[in-house]
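Novice: One line per chain: the protein sequences are X, R and Y, in this order.
Mapping of the first sequence onto this note's numbering: residues 45 to 423, in sequence order.
Mapping of the second sequence onto this note's numbering: residues 275 to 655, in sequence order.
Mapping of the third sequence onto this note's numbering: residues 327 to 653, in sequence order.
Don't read these hints as lab results, they were simulated from the structure.
There's no promise every hint is true.
Said to hold, decoys possible - List time: in silico DSBU-like cross-link candidates among lysine-lysine, alpha-carbon distance up to 35 Å:
(1) Y:Lys-568 with X:Lys-128
(2) X:Lys-213 with X:Lys-273
(3) X:Lys-273 with X:Lys-128
(4) Y:Lys-568 with X:Lys-213
(5) Y:Lys-455 with R:Lys-539
(6) Y:Lys-549 with X:Lys-213
(7) Y:Lys-568 with Y:Lys-549
(8) Y:Lys-549 with X:Lys-128
(9) R:Lys-311 with X:Lys-128
(10) X:Lys-273 with Y:Lys-568
Just so you know, these numbers come straight off a predicted model, no measurement behind them.
Residue-level listing of the chains:
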Amino acid sequence: MNRTADEITARNPDAAASGGARADDDSVLTVENLEVRFDTEEGELSAVDDVSFAMRRGRILAIVGESGCGKSVTSYAILRLIQKPGRITGGTITFRPRGRPPVAITDLAENAEALRRLRGGDISMIFQEPMTALSPVHTVGNQIVEAILLHQDVSQADARARTVEMLGKVGIPAPERRIDQYPFEMSGGMRQRVVIAMALVCNPEILIADEPTTALDVTIQAQVMGLMKSLQRDLDTSVLLITHDLGVVAQLADDVCVMYLGRIVEQGTVRQVIHTPRHPYTIALLKSLPSLALKKARLPSIAGSVPALSARPPGCPFHPRCPHARHGVCDVGNPPPSEHLGAGHYAACLRVEEVARSEGRMPDVECRMPNAGTAKDNS
Amino acid sequence: MTEPAQPSAPETEAPPEVRLAEAGQWTLMRRRFRRHKLAVVSLWLLFGMYLLAAFCEFVSPYAPDTRNIRYLWGGPQRVRFVRPDGRFAPRPFVHGYRRADLEDTWSVALEPDPARIYEVRFFVRGEPYRMWGLWETDRHLFGVRGADGQPGFIHLLGTDRQGRDMFTRVLYGARISLTIGLVGVAMTFVLGVVIGGIAGYAGGVTDLVVQRIMEVLQSVPSLPLWMGLSAALPATWSGVRVYFGVTIILGIIGWTGLARIVRGKFLALREEDYIVAARLLGASRGRVVFRHMLPGFMSHIITAMTLSIPGMILGETALSFLGIGLRPPVVSWGVLLQQAQNTSAMVLMPWLLIPGLFVVLTVLAFNLVGDGLRDAADPYN
Amino acid sequence: MTRFIIWRLALMIPTLLLISIISFVVIQLPPGDIVTSTLDELLADGMEASEEQIAALRAMYHLDAPMPVRYLRWLGGMLRGDFGYSVQHQQPVSELIGERIALTVVVALSSLLLTWALALPTGILTAVKQYSPLDYAATVLAMLGMAVPNFMLALLVMWGAFTWFGVSIGGLFSPAYVDAPWSVARVLDLLKHLWVPMVVLGVGGTAGMVRIMRANLLDELRKPYVTTARAKGMRYWRVVLKYPVRIAVNPFISGIGVVLPMLFSGDAIVGVVLGLPTTGPLLLDALMNQDMYLAGSFIMILSALSVLGVLISDVALAMLDPRIRYD
Numbered sequence: 045m046n047r048t049a050d051e052i053t054a055r056n057p058d059a060a061a062s063g064g065a066r067a068d069d070d071s072v073l074t075v076e077n078l079e080v081r082f083d084t085e086e087g088e089l090s091a092v093d094d095v096s097f098a099m100r101r102g103r104i105l106a107i108v109g110e111s112g113c114g115k116s117v118t119s120y121a122i123l124r125l126i127q128k129p130g131r132i133t134g135g136t137i138t139f140r141p142r143g144r145p146p147v148a149i150t151d152l153a154e155n156a157e158a159l160r161r162l163r164g165g166d167i168s169m170i171f172q173e174p175m176t177a178l179s180p181v182h183t184v185g186n187q188i189v190e191a192i193l194l195h196q197d198v199s200q201a202d203a204r205a206r207t208v209e210m211l212g213k214v215g216i217p218a219p220e221r222r223i224d225q226y227p228f229e230m231s232g233g234m235r236q237r238v239v240i241a242m243a244l245v246c247n248p249e250i251l252i253a254d255e256p257t258t259a260l261d262v263t264i265q266a267q268v269m270g271l272m273k274s275l276q277r278d279l280d281t282s283v284l285l286i287t288h289d290l291g292v293v294a295q296l297a298d299d300v301c302v303m304y305l306g307r308i309v310e311q312g313t314v315r316q317v318i319h320t321p322r323h324p325y326t327i328a329l330l331k332s333l334p335s336l337a338l339k340k341a342r343l344p345s346i347a348g349s350v351p352a353l354s355a356r357p358p359g360c361p362f363h364p365r366c367p368h369a370r371h372g373v374c375d376v377g378n379p380p381p382s383e384h385l386g387a388g389h390y391a392a393c394l395r396v397e398e399v400a401r402s403e404g405r406m407p408d409v410e411c412r413m414p415n416a417g418t419a420k421d422n423s
Numbered sequence: 275m276t277e278p279a280q281p282s283a284p285e286t287e288a289p290p291e292v293r294l295a296e297a298g299q300w301t302l303m304r305r306r307f308r309r310h311k312l313a314v315v316s317l318w319l320l321f322g323m324y325l326l327a328a329f330c331e332f333v334s335p336y337a338p339d340t341r342n343i344r345y346l347w348g349g350p351q352r353v354r355f356v357r358p359d360g361r362f363a364p365r366p367f368v369h370g371y372r373r374a375d376l377e378d379t380w381s382v383a384l385e386p387d388p389a390r391i392y393e394v395r396f397f398v399r400g401e402p403y404r405m406w407g408l409w410e411t412d413r414h415l416f417g418v419r420g421a422d423g424q425p426g427f428i429h430l431l432g433t434d435r436q437g438r439d440m441f442t443r444v445l446y447g448a449r450i451s452l453t454i455g456l457v458g459v460a461m462t463f464v465l466g467v468v469i470g471g472i473a474g475y476a477g478g479v480t481d482l483v484v485q486r487i488m489e490v491l492q493s494v495p496s497l498p499l500w501m502g503l504s505a506a507l508p509a510t511w512s513g514v515r516v517y518f519g520v521t522i523i524l525g526i527i528g529w530t531g532l533a534r535i536v537r538g539k540f541l542a543l544r545e546e547d548y549i550v551a552a553r554l555l556g557a558s559r560g561r562v563v564f565r566h567m568l569p570g571f572m573s574h575i576i577t578a579m580t581l582s583i584p585g586m587i588l589g590e591t592a593l594s595f596l597g598i599g600l601r602p603p604v605v606s607w608g609v610l611l612q613q614a615q616n617t618s619a620m621v622l623m624p625w626l627l628i629p630g631l632f633v634v635l636t637v638l639a640f641n642l643v644g645d646g647l648r649d650a651a652d653p654y655n
Numbered sequence: 327m328t329r330f331i332i333w334r335l336a337l338m339i340p341t342l343l344l345i346s347i348i349s350f351v352v353i354q355l356p357p358g359d360i361v362t363s364t365l366d367e368l369l370a371d372g373m374e375a376s377e378e379q380i381a382a383l384r385a386m387y388h389l390d391a392p393m394p395v396r397y398l399r400w401l402g403g404m405l406r407g408d409f410g411y412s413v414q415h416q417q418p419v420s421e422l423i424g425e426r427i428a429l430t431v432v433v434a435l436s437s438l439l440l441t442w443a444l445a446l447p448t449g450i451l452t453a454v455k456q457y458s459p460l461d462y463a464a465t466v467l468a469m470l471g472m473a474v475p476n477f478m479l480a481l482l483v484m485w486g487a488f489t490w491f492g493v494s495i496g497g498l499f500s501p502a503y504v505d506a507p508w509s510v511a512r513v514l515d516l517l518k519h520l521w522v523p524m525v526v527l528g529v530g531g532t533a534g535m536v537r538i539m540r541a542n543l544l545d546e547l548r549k550p551y552v553t554t555a556r557a558k559g560m561r562y563w564r565v566v567l568k569y570p571v572r573i574a575v576n577p578f579i580s581g582i583g584v585v586l587p588m589l590f591s592g593d594a595i596v597g598v599v600l601g602l603p604t605t606g607p608l609l610l611d612a613l614m615n616q617d618m619y620l621a622g623s624f625i626m627i628l629s630a631l632s633v634l635g636v637l638i639s640d641v642a643l644a645m646l647d648p649r650i651r652y653d
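The shape of chain X in the complex, shown without the other chains (with noise of 0.2 Å):
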């Protein structure tokens, strides 16, 4: 089945607004009702259920949630990533580079060379350990040059001038030594910026960064977020954000998808969900966040925890955490839809309204992130 980008968008008439996190003609990527699921010794689990979100040309896509809510698994659906036992169920997910006929990657063979001409060329990825996203035996140079022969008809030679240029590009000092050194011999922001050059090399449209700073540093941190930040400025690159930090997301993102146990509950601009979130997952999250605007004696945190997927609640998966839930409405039948509440801005919450009446605006939040442009960690 070959659905043109038409034909989806011509299914989704929400899309048609402007903004948010919902297809439209500017869209680099959609997804569309995605479902991946577990082969587990407890049956079948469903990580990532009936998701769909637009990334949008040039912005920066961020999708925010709890360790396990399906935000890792999703972005590696993207580029067929997923390992046994798990797999993709359903939904397509559409790339649309630019002055090409869009690919739908979900009808791609495993093995087809136009998987692989997508991965590292036209869509690349970033991982959250710098520590073992490379191949401690082999030079980073080796890694790097290897991922530009991949995808361009280039001389070794040339190759390798690319990797040093690149290199110093992400603001690693002295690369022309650096680039015959191996991983350990570098530091963690090092060889972060390692990957970021290595996904970076081949110009692609799409770069996903999976918590591409959890493991670091908090001061190292800021630094590669504003170096991915102004190379992604700089190289018109469209970014989907893997997080867990709403601190990073505020700072960084144009969109923002949440996610809960493998569904998206609230989607929009960031300015839409962060000022005015509608989902009590997002205002309860929100709250959550320390703030030093708010002089609180004890930071409010979300009661209970994340339930396993093999145990998920009937009808609202947040209802049994949920300050607004409603016996009746919320614990029953399937979970809610998404629902447009105006300009992109989606929440999959039946009762949207009563928790827009009693939550309001919330705060600004705090940013602590200092604009570090592209700062040299040194290393």
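Knowing the structure of chain X, use the given hints to seat chains R and Y on it.
Specialist: For chains R and Y alone, kept in the frame of chain X given last:
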């Protein structure tokens, strides 16, 4: 809040009726072990073998040195349920044998004699023996009744060149071969825990010296060294003394593996907060070691011990097979296999290789149980 | 790198000294010595020796010196290539063991190569195709391979060859070449016979290596750098072969130090069963006849060769893995 880089199967919680948090480490280990079907089957198999070895006087129909001169070099007899005339027999039986009239052959050939039928009976009286040296009895688990005025015989696994029952001898051999592994491992346990513990706890120069010695012992080819040491066992020694001599020899080299594990665990545990806390609270050295540290890796020790038993059994078998370990009249699987050393014996009497089958089965079972234990002992899998 | 090798060579010295002490203990362990056995022979021939003659004999063999002196004398002799005197063969030990040690090394190394050649692809396939029929078959075979003692396997191979093909296999040379001087034809003859001990000795090691390779590769395949490489757009098999296999192969190299003594051990008993002109049969014979200098020398040299194997594997590992090299 970190996630694995590659999304793995989503975590799942145990069903509520399993109170994981309250289960002790042994309960947890048992539960995980039971998931390994093959390991569980192997454990029962080993249990059965040790049971047979313990009661070998009773289970075997003969004494290990009783000769049946009517059935020298005889093959395994088939237990039959259908009489020659095609009727179903009321009891299982074996046929008697007669000398085959083969003029042009140089070998002694025996063929089943359909005329003779020896019925298999249970709890029969037979040769008298002293059970565990405690009481005299002549009851055997099974035996046959004679026919036509001749006493019958049953040799399930055939006989050797002297007409001794191989089934009986395999069972008696099991008693030696199976226990030598246990005794040897008990010795390596003491040596390994003491030496490894000292090295790991003391550290410094002691640790360096012990490590060096372990390295050397591990790089020496074990069989030649075992051979060299067992050659020093005086030929005049009695069976029991040779048995312990061989065990000690096997243990002298075998302790290094266990000691290495113990040392490693001690080094790791020494820095653990709960050990430091125990020490700071004023617990004595002995209490820290035995009350706090040993329980922390007892499961690993048991696993390592299980996995080292096959090596011991194979060592004894190899030495006895070469004629420098246990010697007749002691019966062990290695001693039995010595009879199968040349090709012609094997070709004529392949059943002499059956003790080897028992060796393979035992080693396989111990390896499988050890594998199961290793997986079960790891609390993070 | 040079410093690393020199350091490792220096570390070998105490190891070799310890091994020489162990070997010397083995030599000294049996009651009696060369003089008592000579006297026994004299007695058997109806002759007797006087006290002075005995004392003279003891002095000749330096048996009158205290133990440490005798050890040092033996150690000094070894450094000059003198391994003592074989009472049984009436020859210096060094003349007896040369070719046997060489053939043992040939048998052991060829088994090692066979082990690698079989275990590497099998280990990779079973890990990549985890839980496939191939994986299960290989696992069952490996468990069996580890449980069958090598001398049993030798017996079975001989039995099978005789019953099915009517040939008795054994030895490393055809009768015509047993005592022939070395020539191209003799080497070819050796190669023709080598496969039996190679297979018999290689099975156990192969089984173990497959299990290790499989477990290590499974660990490595789950590492993030594999996903990184796949996200670059590499073909799956190219990723597997370039990255995780490169790292999972380390135990093959470091395993030399463990496998080599295992193979020497195996040769000691398989050599006896298959009648190989290697160290095994002569060692057993020497032990049976209490020809202790011969036996002790075998133990000493085989152990020293194993230690050399450890050294080689350490150096190879350092060349293969930059993390060790830079330590």
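Novice: Give a verdict on every hint.
Specialist: Now the hints, each set against the structure:
1. Note on Lys-568 (chain Y) and Lys-128 (chain X): the hinted pairing holds, with a Cα-Cα distance of about 21 Å set against a maximum of 35 Å.
2. Restraint check for Lys-213 (chain X) and Lys-273 (chain X): the C-alpha separation of about 13 Å stays at or below 35 Å, so the hint holds.
3. Distance check on the hinted pair: Lys-273 (chain X) and Lys-128 (chain X) sit about 34 Å apart at the alpha-carbon level, within 35 Å; holds.
4. In summary, the hint linking Lys-568 (chain Y) to Lys-213 (chain X) is supported, as the alpha carbons are separated by about 28 Å, within the 35 Å threshold.
5. Of the supplied pair hints, the one linking Lys-455 (chain Y) and Lys-539 (chain R) holds, its CA atoms being roughly 34 Å apart against a limit of 35 Å.
6. Using a Cα cut-off of 35 Å, the hinted pair Lys-549 (chain Y) and Lys-213 (chain X) holds, with the two alpha carbons roughly 28 Å apart.
7. Simply put, Lys-568 (chain Y) and Lys-549 (chain Y) have alpha-carbon atoms about 14 Å apart, close enough for the 35 Å limit, and the pair holds.
8. Proximity of Lys-549 (chain Y) to Lys-128 (chain X) is assessed by CA-CA distance (about 14 Å); at most 35 Å being required, the pair is judged to hold.
9. Using a Cα cut-off of 35 Å, the hinted pair Lys-311 (chain R) and Lys-128 (chain X) holds, with the two alpha carbons roughly 24 Å apart.
10. Restraint check: the Cα-Cα separation between Lys-273 (chain X) and Lys-568 (chain Y) comes to about 33 Å, which is no more than 35 Å; the hinted pair holds.
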